[in-house]
Amino acid sequence: MKVAVPIEGEMIAEHFGHAPQFAIYTVDGDVLKKEILVPPPHEPGVIPQWLSSLGVDCILCGMLGQRAVAFFEEFGIRVVSGVPPMPADEAVARFLAGSLRVTPRFCGGGHGHGCGGHGHGL
Numbered sequence: 001m002k003v004a005v006p007i008e009g010e011m012i013a014e015h016f017g018h019a020p021q022f023a024i025y026t027v028d029g030d031v032l033k034k035e036i037l038v039p040p041p042h043e044p045g046v047i048p049q050w051l052s053s054l055g056v057d058c059i060l061c062g063m064l065g066q067r068a069v070a071f072f073e074e075f076g077i078r079v080v081s082g083v084p085p086m087p088a089d090e091a092v093a094r095f096l097a098g099s100l101r102v103t104p105r106f107c108g109g110g111h112g113h114g115c116g117g118h119g120h121g122l
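Terminal number for the sequence shown in full-length UniProt numbering: 122, no gaps in between.
Be aware that a few hints might be false.
[Unchecked claim] Distance ranges between label pairs, derived from CB positions:
no., residue 1, residue 2, range
1, 44, 97, 15 to 23 Å
2, 76, 40, 32 to 40 Å
3, 42, 104, 31 to 39 Å
4, 97, 40, 28 to 36 Å
5, 32, 53, 16 to 24 Å
6, 30, 87, 17 to 25 Å
7, 97, 41, 19 to 27 Å
8, 34, 66, 27 to 35 Å
9, 31, 98, 30 to 38 Å
10, 38, 98, 28 to 36 Å
I should point out that these hints are in silico values taken from the structure, not numbers from a laboratory. Where is the CB? At the ideal position from N, CA and C, for every residue including glycine.
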């Protein structure tokens, strides 16, 4: 299994579409491998396609739009949104242990919407 987490430093990014980097965790039995990658430029549908090409099965994130969820689902990528602010390593460890508690958070997409006006559709 591969899990992607948008990050700023070691912390989960507030919104995946503006994350400067993604941590990609490959889980193989008890072995956990982590890679840090820079995503392609932010355009609708680009990040889900990119993560799919890397073989990602699941994304853990803070917030994203409903349109983004649909893009991820088209590529067969499970979305776990509403992950509270924490180090990405901790979030993945909790997710794998089944103890990650989330409150799904979605924003409306587009410019000037209710999650800070940072303009995204994915």
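Quick rundown of the hints versus the structure:
1. 44 - 97: 15 to 23 Å: violated (34 Å)
2. 76 - 40: 32 to 40 Å: Violated, at about 19 Å.
3. 42 - 104: 31 to 39 Å: violated (22 Å)
4. 97 - 40: 28 to 36 Å: This hint holds: roughly 31 Å between Cβ atoms.
5. 32 - 53: 16 to 24 Å: holds (21 Å)
6. 30 - 87: 17 to 25 Å: Holds, since residue 30 and residue 87 (Cβ atoms, about 20 Å apart) stay within the stated range.
7. 97 - 41: 19 to 27 Å: Violated: the Cβ-Cβ distance is about 35 Å, outside 19 to 27 Å.
8. 34 - 66: 27 to 35 Å: holds (29 Å)
9. 31 - 98: 30 to 38 Å: This hint is violated: roughly 19 Å between Cβ atoms.
10. 38 - 98: 28 to 36 Å: For residue 98 against residue 38, whose Cβ atoms are near 31 Å apart, the range 28 to 36 Å holds.
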